[in-house]
Amino acid sequence: MIVFDHVSKVYPSHNKGEDVRAVNDLNLQVTAGELCVLIGPSGSGKTTAMRMVNRLVVPTQGRITIDGQDNSTMDTVLLRRSIGYVIQQVGLFPHLTVANNVALVPRLLGWTQARRRERADELLNLVGLPPSKFAGRYPRQLSGGQQQRVGVARALAADPKIILMDEPFGAVDPITRKQLQRELRRIQSEVQKTIIFVTHDISEAFLLADRIVLMYRGNLVQNGTPAELLRNPASRFVTDFIGEDQSLRALQYTPLAEIAKGSKSASGVDGRRNDALVLKQSLSVMDGLRLLASKGSSAPGEITLSDDEGHITGKITDNDLVFALSHALVASEASTDATSDVASNTGRIKEADGISSGTC
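Residues 1 to 360, numbered by the working numbering, are exactly what the sequence shown covers, in order.
FYI, nobody ran anything at the bench for these hints, they're computed from the structure.
Just so you know, these numbers come straight off a predicted model, no measurement behind them.
Just so you know, not all the hints are guaranteed correct.
Straight-line Cα separation of at most 25 Å, DSS-like style, residue types lysine-lysine; simulated pairs [claimed, not checked]:
(1) K178 x K193
(2) K178 x K133
(3) K193 x K161
Beta-carbon label-pair distances, calculated as ranges [claimed, not checked]:
(4) D287 x D173: 24 to 32 Å
(5) D287 x L108: 39 to 47 Å
(6) G310 x G144: 41 to 49 Å
Built from N, CA and C at the ideal position, the CB exists for glycine as well.
Generate coordinates for the entire structure from the input sequences, incorporating the hints supplied.
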């Protein structure tokens with residue numbers, strides 16, 4: 001869907017006489033329907049990289065292709081109208097109603113009024129703002145969280161294949177932010193857009209991302225799934241940036257099937273459901289622990305695992321789950337002793353190995 005091919009963005013520095021590489025030789029592939037999160041410290045180049053997709057920033061070197069077509073050959077206006085864009089400040093027009101804000105791009109594309117209104121109503125329902133109550137309101141009559149929902153609806157209005165989101169939830173309170181994050185995952189599960197999402201919040205990245213791209217000083221440091229970053233960090237910088245509780249976080253991305261592989265209780269599966277508790281092997285260890293805790297004293301000592309079709313694939317014990325948790329706690333404590341805050345250790349981060357152009 002979106003391919004960065006040796007892309008760089010260089011800004012001349014008139015004061016120091018040295019060029020500044022905001023993005024350095026970036027090679028990255030974002031597949032269709034994927035929610036890809038760009039994350040890194042301030043000045044890492046994540047927003048610059050995202051804005052080169054719709055040519056709000058023009059690359060100095062390399063090229064970006066969308067569905068195989070170089071975006072530099074596309075009509076800039078049509079390119080931007082074909083890509084949804086959500087920013088932190090929302091950017092709603094104060095003189096337009098909510099419905100008209102949502103329908104702005106369809107109007108520019110020449111949709112009929114009836115079609116625009118139908119689409120606006122559909123999307124307001126999708127983002128949890130009933131049109132009967134919100135369509136006729138103006139932005140000033142909405143809360144910050146409601147305005148962000150309208151911003152997401154507007155980005156979806158013309159049914160774009162691609163949506164760019166630049167720290168869209170950064171200006172709202174923590175409770176509203178969590179609600180918006182959950183809503184975005186729900187909406188994405190329904191519409192399956194290709195989303196590039198920029199954030200500096202590591203927890204938000206792990207909650208939302210199908211794929212995380214960690215950047216530092218314009219370079220791609222590591223590109224992978226949340227589980228890959230947690231369990232196989234490419235460098236000390238990755239470990240420090242993720243934080244001290246990475247071992248516990250990893251349990252959320254470790255499937256039950258993996259700990260069953262080394263469990264003696266996984267042998268001798270006869271395909272019969274003799275246990276009171278059957279869990280899907282694709283569930284994470286953390287989800288398994290939560291389910292076990294909810295069972296309380298009625299939880300069986302042995303747990304049967306099944307695939308998505310319900311076929312028995314293995315067994316684990318409650319002790320297997322407890323051991324996995326204990327191991328993560330010990331590893332987390334060791335990490336706490338060995339690491340310190342990234343922001344106060346920029347000198348060490350400069351020397352961290354593994355920071356390179358990072359081809360995917």
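Structure versus earlier hints - violations, ascending order: none
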